[in-house]
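Asker: These are the residues of each chain, in order.
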Amino acid sequence: MSSIECQLRKIVADLLTQGKVAYVIGYENGSTPRRARPCFVRSPEDATKLVWNQHCAVNLAKYLIGTKDTVGIVAKGCDGRSIVELIKDNQVDRSKVVIIAPTCPGVTQSPGLGGEGQEELASCCQRCRSRDSPIFDFQLVVGRDAEKEGGTVGKKSSPPRGATDWNSEFQRCIKCLACIKSCPLCYCTECELDGSLQSLVSKLRIPAELPTFHLVRAMHMAGRCTDCGACEAACPVGLPLTELYSQVNKEVERLLGYVPGLDIQATPPVELPKPKGETE
Amino acid sequence: MKPEYINQDSLTRLVVELSSRGQLVAPVREGKSFVFSRVQRGEQVCLTYTNSTIPPKFTFLPQIEELFSYEVKSGELRPPKAGDEPVVLLGVRPCDSSAFSVLDRVMGGDRADPYYVKRRDRTTVVGLSCSRPRETCFCDAFGTGPTDGSGDDITLTKVSGGYVVRSKTAKGARFAREHSKHFRAATKREIDEFESESRKIKGMLASGITSEGLADRMGKSLGDPYWEEASERCIECGVCSFVCPTCYCFDVTEQVEGDGGKRYRGWDTCQSCRFSRMAGGLDPRPTKVDRFKHRFHHKLSYVPMAFNVTACVGCGRCVSLCPTNVDIREVIKKW
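Protein sequence lines correspond, in order, to chains A and B. Following this note's numbering, the numbering of the first sequence begins with 9 at its first residue and continues without gaps. Following this note's numbering, the numbering of the second sequence begins with 37 at its first residue and continues without gaps.
Accuracy of the hints is not assured; some may be wrong.
So the derived label-pair ranges between C-beta atoms look like this [unchecked claim]: (1) A:224 x B:118: 31 to 39 angstroms; (2) A:277 x B:83: 49 to 57 angstroms; (3) A:219 x B:38: 52 to 60 angstroms; (4) A:200 x B:323: 49 to 57 angstroms; (5) B:146 x A:98: 49 to 57 angstroms; (6) B:205 x A:137: 56 to 64 angstroms; (7) B:239 x A:98: 55 to 63 angstroms; (8) B:53 x A:219: 32 to 40 angstroms; (9) B:56 x A:262: 29 to 37 angstroms.
Derived DSS-like pairs (lysine-lysine); straight-line CA-CA distance at most 27 angstroms [said to hold, decoys possible]: (10) B:324 x A:104; (11) A:57 x A:96; (12) A:76 x B:204.
Please keep in mind that the hints were generated in silico from the structure rather than gathered at the bench. Using N, Cα and C, we set each Cβ at its ideal position, and we do this for glycine too.
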C-alpha cells in the first residue's frame, strides 16, 4: 500500500465516522488484473478497499450529477476540473462535495479487446497540464517517493501520432453514444445527438453522419471539455476522441483565453445565469 | 464425418479464392483491434486474432436494416432487395458461433424472423477454435467453448502446419466437398494433436462459474437490494449490449419520403433510458437499477425460460469493454 492510499483511507474513514458525508466515491481494485473501478464507500471499515494507482481512470465527477446528499469524492486533476465545470454549470453544489485530491500518477489506457500491445499512458494524460485537482478539501501530495509511486506523466508517452485521418476514423463509429453517456460534462437529459425523432441526427445512419455527429459534439465540448479521456476509454471502437476535443479547446484558449476546469473563478466563454440570490 | 486437414498454404489459397468471389467475411486488423468485414484481398484476413470488438452477429442482424418500403396511394408494400448470394463467415470463435445458436432459437423456430433466417441460411459459418483464451473469457461456464462452437457448420482447429477440419452440418460438408482440393483426410498424428490441444485449451479456462440452475437462482434475486449496489457504478453507456454477441433487441424507425417511406430496424440497448419508454411517457423500467437488473435477468433468466438456452456465451466482451468494470461473472457468481 502506498502512502497516498494510506492517507486516503484514513481521511475517508474519518469523514464517514464523523458523519460528514453520506458516502465517498473512490476506486477499488477491478475484477481483472490491472484495473481499478469506481466504488462507493459507505462505512469507515470499507475505506480499506480504496486504492490509488495508474488504473484509476474512470472520471468520478459523473457520479456527482443528481446527488442530493453531501458526498466525498476522490478526484484526480481531470476529475477536479470536471467538478469545477459542473459547479459553474450549476450541476454540482460545492458545499455538498468533499473533495479529496491525491496527485494523479497518470492513468493507463487498456490495449482494447484484441489484447495486443502494451498498456500505455492515456493520450489525455500525455497532454495533462495539472495532475492535481484545482479545488479540494484534502490534498494528498506525493512525497519524496513520487518517482517510486508511479509518477508516469510524461515518461512513458508513446511516439506522437501522425495526422489523424478523421474521415476514416469516423467510419468506424457505431453510434452507440457511449462517448456521450460516459462524459462527465454531458448532463443534458435530452440529447440532440441521440437519434430520437427530434434529434439532429438519424438513427438510420451508421456510421454516424459525417461530419455532423462528431463535429456537433466537438463544438458542444468547446470551452467545457476537461480532457479527462472518459469518452475515449468508453468508445468500444477506439476513436481518438480527446484528440479532436483538445484541438477545439486549443482554439478556445487561443481566442478566448479559457481553459476548462483550471480556475474556479474564471468565467466560462458561454456564461450561464447564476442561480437566484447569488450575485457576482 | 471423418476429420480432414488443411495446411496453412492451402488455407491461404482458399481464402484468396473466396475473397476474390466477394463471398468472404472474416476478421481483419483495424488499428489495434479486429473487425469482421467483407474481405476484398485474402491477405487482409488474420486468423491469429483473439477476438473482434464487434461480434460477427451483424452478418445476420445488421445494425440497420430495411424491413420494407411502402407507398400510401397504392397501398403497396415492397420487401427490401436482399441478396441471395452465398456468404462464407470465416474464423468465428466458438463463443460467437454458440451465440448464433442462441439467436437461432430466438429468431428462428415457429415464429421465425424472415430477415434473419434468410441471411443465416445463405451463410456457411467456418468456426475457429481458440488457442489462447483471454483473462476475461468464461465460455466454460456455459459449455460454449473454447473448441466447440455450436453454431459452426465446419470448424477449424490449429495444429502443426495447418488445421484439423471437422464438418458439423450438411452445409459444412457441402463446403468441404466444394473445396475438396484444399482438404485431405487428417492423419492419426494430426487427430491426436487436435485432441490433446483441445484438452489443453479447455484446461486453461477455469472460471469457476456454473450456469446450472442459474435461471431459478436469478428469479429469486429480483427484489434483492443487491441490484441497487451492483448498478451504482454503471453509467448506462450501453457498450455491453452493443458488443454482446447475443443481444438482439432492436428499435423500429420510419423514414417518410413523399407519398411513401421505408421502415427500418436497428440495434438498440435496454440500458438506454428511452428503450422501454412508451407513447404517453409511461416507462416500466424508469430507473437505472431497473434497466441494469433487466439486462442480466433477460440474459440469464428470461431467455432461458422462454427458449431453453442461456443468452450469455462467456465471450467476455462486456467484461473487458465496460468502462466502469461491471462484470457479469460477478453477477452470476453472486446468484
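Asker: The structure should be examined with respect to each hint, and the outcome stated for every one.
Answerer: Hint check results:
With their beta carbons about 33 angstroms apart, residue 224 of chain A and residue 118 of chain B fall inside the hinted range of 31 to 39 angstroms. The supplied range of 49 to 57 angstroms is met by residue 277 of chain A and residue 83 of chain B, whose beta-carbon atoms lie about 51 angstroms from each other. Residue 219 of chain A and residue 38 of chain B have their C-beta atoms about 55 angstroms apart, which keeps the hinted 52 to 60 angstroms range intact. Taking the beta carbon of each, residue 200 of chain A and residue 323 of chain B are about 24 angstroms apart, not inside 49 to 57 angstroms as hinted.
Restraint check, residue 146 of chain B to residue 98 of chain A: a C-beta distance of roughly 55 angstroms satisfies the suggested window 49 to 57 angstroms. Residue 205 of chain B and residue 137 of chain A have their C-beta atoms about 59 angstroms apart, which keeps the hinted 56 to 64 angstroms range intact. The given range of 55 to 63 angstroms is respected by residue 239 of chain B and residue 98 of chain A, whose C-beta atoms sit roughly 57 angstroms from each other. Taken as a hint, the range 32 to 40 angstroms holds for the pair residue 53 of chain B and residue 219 of chain A, whose Cβ atoms sit roughly 39 angstroms apart.
Roughly 52 angstroms separates the CB atoms of residue 56 of chain B and residue 262 of chain A, a value that falls outside the hinted 29 to 37 angstroms. With a CA separation close to 23 angstroms, the supplied pair residue 324 of chain B and residue 104 of chain A stays within the 27 angstroms bound. About 32 angstroms separates the Cα atoms of residue 57 of chain A and residue 96 of chain A, which puts this hinted pair outside 27 angstroms; it is violated. Taking the CA atoms of residue 76 of chain A and residue 204 of chain B, the gap is near 58 angstroms; set against the 27 angstroms cutoff, the hint is violated.
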